[in-house]
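Line by line, the protein sequences give chains A and B.
Residue 88 is where the first sequence starts when you use the working numbering, and the numbers rise one by one after that.
Residue 88 is where the second sequence starts when you use the working numbering, and the numbers rise one by one after that.
Hints may contain errors.
One copy or any two copies: either way a pair holds, since identical chains are not told apart in the list.
Said to hold, decoys possible - Under the rule of at most 30 angstroms between Cα atoms (straight-line distance), these lysine-lysine pairs were calculated in the DSS-like manner: (1) LYS315 with LYS468; (2) LYS401 with LYS416; (3) LYS170 with LYS382; (4) LYS111 with LYS208; (5) LYS382 with LYS117; (6) LYS317 with LYS395; (7) LYS198 with LYS461; (8) LYS461 with LYS163; (9) LYS315 with LYS117; (10) LYS98 with LYS198; (11) LYS437 with LYS317; (12) LYS136 with LYS208; (13) LYS142 with LYS198; (14) LYS209 with LYS111; (15) LYS118 with LYS198; (16) LYS111 with LYS130; (17) LYS111 with LYS425; (18) LYS315 with LYS455.
The hints are simulated quantities; they were obtained by calculation from the structure and are not laboratory data.
2 protein chains.
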Amino acid sequence: MLNFTYHNPVKIIFGGHTLRELRKLIPQNKKILLTYGGGSIKKNGVYDKITKILKNYQVIEFGGIESNPQYETLMKAVALAKKEAVDFLLPVGGGSVLDGTKFIAAATKFKGEDPWDIIAKKAPVEEAIPLGAVITLPATGSEMNGYAVISRASTEEKLAFGSPLCYPQFSILDPESTFSLPERQVSNGIVDSFVHVMEQYMTVREGAPLQDRQAEAILMTLIEEAGKVKINPDDYTVRANLMWCACQALNGLIGCGVPQDWATHMIGHELTALYGLDHGQTLAVVLPAVLKHQKENKLDKLCHYAEKVWGVQKGTDREKADIAIEKTKDFFEVLGMKTSLSAYGISSEKFETIASRFDERNMFLGEKQNIGRKEVMEILKLCL
Amino acid sequence: MLNFTYHNPVKIIFGGHTLRELRKLIPQNKKILLTYGGGSIKKNGVYDKITKILKNYQVIEFGGIESNPQYETLMKAVALAKKEAVDFLLPVGGGSVLDGTKFIAAATKFKGEDPWDIIAKKAPVEEAIPLGAVITLPATGSEMNGYAVISRASTEEKLAFGSPLCYPQFSILDPESTFSLPERQVSNGIVDSFVHVMEQYMTVREGAPLQDRQAEAILMTLIEEAGKVKINPDDYTVRANLMWCACQALNGLIGCGVPQDWATHMIGHELTALYGLDHGQTLAVVLPAVLKHQKENKLDKLCHYAEKVWGVQKGTDREKADIAIEKTKDFFEVLGMKTSLSAYGISSEKFETIASRFDERNMFLGEKQNIGRKEVMEILKLCL
Chain A
88 MLNFTYHNPV
98 KIIFGGHTLR
108 ELRKLIPQNK
118 KILLTYGGGS
128 IKKNGVYDKI
138 TKILKNYQVI
148 EFGGIESNPQ
158 YETLMKAVAL
168 AKKEAVDFLL
178 PVGGGSVLDG
188 TKFIAAATKF
198 KGEDPWDIIA
208 KKAPVEEAIP
218 LGAVITLPAT
228 GSEMNGYAVI
238 SRASTEEKLA
248 FGSPLCYPQF
258 SILDPESTFS
268 LPERQVSNGI
278 VDSFVHVMEQ
288 YMTVREGAPL
298 QDRQAEAILM
308 TLIEEAGKVK
318 INPDDYTVRA
328 NLMWCACQAL
338 NGLIGCGVPQ
348 DWATHMIGHE
358 LTALYGLDHG
368 QTLAVVLPAV
378 LKHQKENKLD
388 KLCHYAEKVW
398 GVQKGTDREK
408 ADIAIEKTKD
418 FFEVLGMKTS
428 LSAYGISSEK
438 FETIASRFDE
448 RNMFLGEKQN
458 IGRKEVMEIL
468 KLCL
Chain B
88 MLNFTYHNPV
98 KIIFGGHTLR
108 ELRKLIPQNK
118 KILLTYGGGS
128 IKKNGVYDKI
138 TKILKNYQVI
148 EFGGIESNPQ
158 YETLMKAVAL
168 AKKEAVDFLL
178 PVGGGSVLDG
188 TKFIAAATKF
198 KGEDPWDIIA
208 KKAPVEEAIP
218 LGAVITLPAT
228 GSEMNGYAVI
238 SRASTEEKLA
248 FGSPLCYPQF
258 SILDPESTFS
268 LPERQVSNGI
278 VDSFVHVMEQ
288 YMTVREGAPL
298 QDRQAEAILM
308 TLIEEAGKVK
318 INPDDYTVRA
328 NLMWCACQAL
338 NGLIGCGVPQ
348 DWATHMIGHE
358 LTALYGLDHG
368 QTLAVVLPAV
378 LKHQKENKLD
388 KLCHYAEKVW
398 GVQKGTDREK
408 ADIAIEKTKD
418 FFEVLGMKTS
428 LSAYGISSEK
438 FETIASRFDE
448 RNMFLGEKQN
458 IGRKEVMEIL
468 KLCL
């Protein structure tokens, strides 16, 4: 097991009818900036409930944060937060709203010249407006970590940053608020959660059987519950399990003391930035390609994954690995996800741009940092 | 899944050569009370390392905290902490030293007349001296929770208390510091961790498959690593896995949203208080008896446990449950633990005292609160 530090101070409030806790969680004297996305919280009733619960607070609003939250949009919120001198941020929605709000928190207090430096140059976050979240879409795990992924349309970039100051103080997770999600977002969320686990699990073995089993626990539960949610979208227990899986998939725990990959996410971010695919859509395409490309490096773990998660008992190690990759792909397909770029009508025209970006950033991907420009090109071709 | 709140702010620093982090973790201006037990940290070198690392700090010492830390002893430390006006506590050792120090933290700042009220009357902890721990014995999970169990010789009591103010700010877990543990303490620790999981898992099913699998992950890893540690006591990876299992077993995570039992612990505490058995020893005796007594109530989960943890595939549900209980007992026996009171030469003389105590406290045990005086007597007889 590798040495590690684990510290996750987020308070999770989980369950039905928990929104009312907001009054205990946010001090009465706070001036709140309530942030949200395209308005689904107005349709599903969450917005009305929250404004009622917070009727004795000073609340400013900023709506319209996109999926793949855009720097340009967020900077408008930063201007508003400064003008109104808000001292608490309350993102309500999915991971994009929360990620965007983490950036608002850091950028509003940023002392440097250009807040984009927080993302592009890893300028340190020395101060941030405190925030607490209400999550209505299980997917990114952002509710229990200090990370955010921000996009910038003008440069076609999608990049991550993180800071201990960007942990939400609390996150409220009410499974009932997910009943009304469109099927596409449910599937995207399941794939996102699944791939978050795979990035921390599908590497080389590192003598960490508990972490392996904890990862398999999430994968198996996601597979099981994904099958149920299509049939019974209003089943509270199913929605609760999916929501808790998404949260556990990226709160740092399963990554303790083990090598991590993240090649799928890094390549996927580029596909979103350059082709506009949903985050989950990119992952469903890229993960199988990365696994195929890295089969020899990951053979031992792929075989273990085949046995433990998919119940594959027969065949050579390589055959088991192949079956596991196919089963992963099938799982995505059954969820309604496409698993090739060609299925989206996308060809190789921008592959060179993507591969050269990793070159420019002098970035090597994968747990062995063995995926450079050439290998990214090979993986992208496997995505076609 | 039941509604829940999960909040665990402890920073875990895990791995070899991590003691030096103490200098970053404790502010330079703090006056530290270093607490420890019977002196094993002087034999295994941890004491020397820490005093060297903290040579620029003001450090007062208080040694001699017992296994099952005694109120009378701890009150001497409280007097010392007050006299010296210490403002940071650094327990170094196992769960007893840490539990005792949590009480010192709360009792030193207690405004009421009798600090025993914190334990016996659940008097609220409104202030506590901050603490950070160095753990050298994987067992209690105290390093990542806010609970403590304190004993009082004069009244033959052993009782728990907890407060968010008693979370360690940090816990350093260096598996190397466990190499020199006596076999009895290793076995006690494994049983303690195992039973912590069982108290949160072996109840009734509550539509929480992720938590079930996370619990099974710890149980299976404990079983696996327990077999290795006897053969290779100096294997770092084995020690690291046992240490991480113990921590995960009682940091609250697997108990999220599920019913909990704790009858084994409650009865076990009485056996320690009245007969002086080690904590782990009591659990190895009581758990099988509780499971036998509650077989019908827990049948579904016992059967699930038999299949998932022990690989039992054949037989009726009741047969599977019986096999699982036997396998649990065998596991404890192979660890060198006795699984009956008669094996310790203990007879039923104090059973009435124990059973009547739960009556006096008006306390019903088990996830269904269906274990009262009569049932405690029945369980104790099954322990013989």
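Tested hints:
1. For the identical chains of this complex, LYS315 and LYS468 are neighbours neither inside a copy (34 angstroms) nor across copies (45 angstroms), given an alpha-carbon limit of 30 angstroms.
2. Only within a single protomer do LYS401 and LYS416 lie at most 30 angstroms apart by alpha-carbon distance; the minimum there is 19 angstroms, versus 33 angstroms between protomers.
3. With identical chains, the CA atoms of LYS170 and LYS382 are never at most 30 angstroms apart, being 53 angstroms at best within one copy and 64 angstroms at best between copies.
4. When the C-alpha separation of LYS111 and LYS208 is checked against a cutoff of 30 angstroms, the pair qualifies only between copies, where the shortest distance is 26 angstroms, while the shortest distance within a copy is 37 angstroms.
5. Neither within a single protomer nor between protomers do LYS382 and LYS117 lie at most 30 angstroms apart by alpha-carbon distance, with minima of 52 angstroms and 52 angstroms respectively.
6. In this assembly of identical chains, LYS317 and LYS395 lie within 30 angstroms of each other by CA distance both inside one copy and across copies; the values are 24 angstroms within and 27 angstroms between.
7. Taking the shortest alpha-carbon separations for LYS198 and LYS461, neither the intra-copy value of 39 angstroms nor the inter-copy value of 68 angstroms comes in at or below 30 angstroms.
8. Within a single copy, LYS461 and LYS163 get their C-alpha atoms no closer than 39 angstroms, and across copies no closer than 68 angstroms, so neither meets the 30 angstroms cut-off.
9. In this assembly of identical chains, the alpha carbons of LYS315 and LYS117 never lie at most 30 angstroms apart, being 41 angstroms within a copy and 55 angstroms across copies at closest.
10. Proximity of LYS98 to LYS198 under the C-alpha cut-off of 30 angstroms is found in both arrangements, the shortest distances being 29 angstroms within a copy and 28 angstroms between copies.
11. In the homo-oligomer, the alpha carbons of LYS437 and LYS317 never lie at most 30 angstroms apart, since the shortest distance is 35 angstroms inside one protomer and 57 angstroms across protomers.
12. When the C-alpha separation of LYS136 and LYS208 is checked against a cutoff of 30 angstroms, the pair qualifies neither within a copy, at 40 angstroms, nor between copies, at 39 angstroms.
13. In this assembly of identical chains, LYS142 and LYS198 lie within 30 angstroms of each other by CA distance neither inside one copy nor across copies; the values are 33 angstroms within and 37 angstroms between.
14. In this assembly of identical chains, the alpha carbons of LYS209 and LYS111 lie at most 30 angstroms apart only when taken from different copies (23 angstroms versus 34 angstroms within one copy).
15. Proximity of LYS118 and LYS198 under a CA criterion of 30 angstroms is satisfied intra-copy only: 22 angstroms inside one chain copy versus 35 angstroms between copies.
16. Taking identical chains as interchangeable, the C-alpha atoms of LYS111 and LYS130 lie at most 30 angstroms apart only when both belong to the same chain, with a minimum of 26 angstroms there against 49 angstroms between chains.
17. In the homo-oligomer, the alpha carbons of LYS111 and LYS425 never lie at most 30 angstroms apart, since the shortest distance is 44 angstroms inside one protomer and 49 angstroms across protomers.
18. Proximity of LYS315 to LYS455 under the C-alpha cut-off of 30 angstroms is restricted to the inter-copy arrangement: shortest distance 29 angstroms between copies versus 37 angstroms within a copy.
Checked against the numbered hints given earlier, this structure breaks hints 1, 3, 5, 7, 8, 9, 11, 12, 13, 17; the rest are met.
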